[in-house]
Every structure is written in C-alpha cells, then in structure tokens.
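Student: Start from the sequences, fold in the hints, and give me the full structure.
Chain order of the listed sequences is A and B.
Each residue of the first sequence is one higher than the last, beginning at 410 in our numbering.
Each residue of the second sequence is one higher than the last, beginning at 1419 in our numbering.
Keep in mind that the hints are not guaranteed to be accurate.
Coverage of chain B stretches by chain A, computed from C-beta distances (three or more under 8 Å per stretch; other residues unrestricted) [as the list claims (entries may be wrong)]:
1) 1424-1432
2) 1483-1490
Okay, the calculated beta carbon distance ranges per label pair [claimed, not checked]:
3) Arg1473(B) <-> Glu482(A): 31 to 37 Å
4) Arg1470(B) <-> Gly416(A): 27 to 33 Å
5) Val1419(B) <-> Glu424(A): 40 to 46 Å
6) Arg474(A) <-> Val1443(B): 19 to 25 Å
7) Ala1424(B) <-> Arg473(A): 47 to 53 Å
8) Asn1460(B) <-> His483(A): 49 to 55 Å
Read the hints as simulated data drawn from the structure, not as lab findings.
For each residue, glycine too, the CB sits at the ideal point set by N, CA and C.
The residues making up each chain are set out below.
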Amino acid sequence: MSGSWNGTIICAVDETDGVDAAIEVARELAERFDARILVVSVADGHGFGLGESASERQARTGARRRLDRLVAEHELPDEGHRVAVGDAVEAVALVAAEEAADVIVVGARRGLLGRTLRSSLAAELAATAPCPVVVAPPEAAAATAGRASHAHLRT
Amino acid sequence: VTASIAVLGRATRAVRGHAEAERRVEFGAPAVTLLLLAGRENAELIVVGAGRSGRLAAALAAATTRPLLVVPADEPARLREMGRGPHGRNGVPAGILEAAAVAAGEGQRELA
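Tutor: See below:
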C-alpha cells in the first residue's frame, strides 16, 4: 500500500474505551492533512443477504447503532461511515485496502500495563495492517480536547 | 547496546532539521520499558515500526496509555510525503512523520 498520499483516514470503532479518542485523533489528523474520515464499525458474521443468521443480523444492527450514536455524538458528516461484516481485523484491513487508506486510527483499552496483555483490535491491526496505524488510548481524548481549547484561547 | 546506538545515530540524523532528538538506551522488556519511559517523559506520541513479527507493536497497542503510531516496513515514502506537505512545515508533524519513516526503514533493514 505504499505510494502517494490519498487523503483517506479510516477510523475503526468498537466497544473499547478509546473509541472517542480515536475519533478525535482521526478528526485532528484529517484537519491537519486535509483528509476525509471514513468511520468503520464491524459486525461479526459472513455477509449480508438470505444466508444471514439472526445473530449476524443482530450484530449488524448493533454495529449500525454504535456507528449512528458515535456519528451523532461527535457531529460527524452524514456520509463517511460504514458497517463492515466479518472478522474485525480482516474487515478493517479490507476496507483500508479498498479505500487506499493512508492511516487507520483505532481506540485502545484503558491502561492494561501490568496486567496480562489481551488481544484486541488495536493490537492485531498494529501488528498486521497494510498501512500506518494510530492507536488512541482513552487518555488521548482529554489531551486532544485540551489542545483544542488551548488553540481556541490563543486565537 | 552497540546495535542500539547505531540505530539511534541513524534516527537522529534523519530527523535533524525537523525536530530536536535526544538519544537514550534503556534496558528491559521492550514494550513495558517503552511505555514506562513514555510515561516518565509525558510523551505525546510513541512511534514504532511494525517490524517483522509485529510483536512489539501489538504489545504496545494493547497496553499503551499514549497515542501510538505503528508504521509498516514499506510505508516510509508515504509518510515522508505527509511530512513535506504544507501542514508538515511547522516542525512537529514533519519531525514525527520523518521519525516514523525512519522506524519503518529500520523494519526494512530487518527484513533484508
């Protein structure tokens, strides 16, 4: 996926604490680099259509609701968000490849240092994604908000 | 230690002109040591190459309390282009992204 800058940032959202931070970091990067944000929520399953089971349909509905809630809370544009179906890491990597994304931004769980490290979307994407990955911990949201208010005060 | 110092030398040469760089060698388990250092230094961003196995990147991503940028081995060109753009001239983004490119370049050398 190396090459020119295409101006697309994928923000992968799940149920981790860092999801708000991921959106704020993605927004800051998008403003700084004149890029668009594509927010992606992943539902477990194999795909849409007649073969979709009840649990897959439920997962897709949950992913759509999560996306709608985050779009509303963060006042994101109505376009630029998508529900993908399948394994979370593979689905996000596939969307990133389809969109020729330059960067993936994903949230992290709240401080796990000193505990057993668990596999997560952030960890697996960081290890395998075909493009740069920014991992935003929950603490980053406060820092981003702080910088924004500081910048506002200076203007 | 000698190999670490050589890598640090290449990295600081690459970011020269974009950002001030301080070199340091730390001892310990890589992910935990880096996260503790980032905490002590109140770092705004940790930049690391994905490397061959992605193990360090995954461990950092699972536990970080600071923003983390992980760069695959074949991505330095794109990041250099970001750093050269109009928004990269204020020093900080350009320096960060150049450092990321260096981290990715180190990953390529590992592969070779």
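Student: Taking the hints in turn, state whether each one holds.
Tutor: Results of checking the hints against the structure:
Counting residues of the stretch 1424-1432 of chain B whose beta-carbon sits less than 8 Å from any beta-carbon of chain A gives 0, not enough to reach three: the coverage restraint is violated. For the stretch 1483-1490 of chain B, the stated coverage by chain A holds: 8 residues have a C-beta nearer than 8 Å to a C-beta of that chain, and at least 3 were required. For the pair Arg1473(B) and Glu482(A), the beta carbons lie near 35 Å from each other, so the given range of 31 to 37 Å is met. Against the hinted window of 27 to 33 Å, the Cβ-Cβ separation of Arg1470(B) and Gly416(A) comes to about 30 Å, which satisfies the hint.
The hinted range of 40 to 46 Å is satisfied by Val1419(B) and Glu424(A), whose Cβ atoms lie roughly 42 Å apart. Between Arg474(A) and Val1443(B) the Cβ separation comes to about 49 Å, which falls outside the hinted range of 19 to 25 Å. In this structure the supplied range 47 to 53 Å holds for Ala1424(B) paired with Arg473(A), their Cβ-Cβ distance being about 51 Å. Range check, Asn1460(B) to His483(A): about 26 Å between beta-carbon atoms, so the 49 to 55 Å window is missed.
In terms of the numbered hints stated before, the structure departs from hints 1, 6, 8, listed from lowest to highest.
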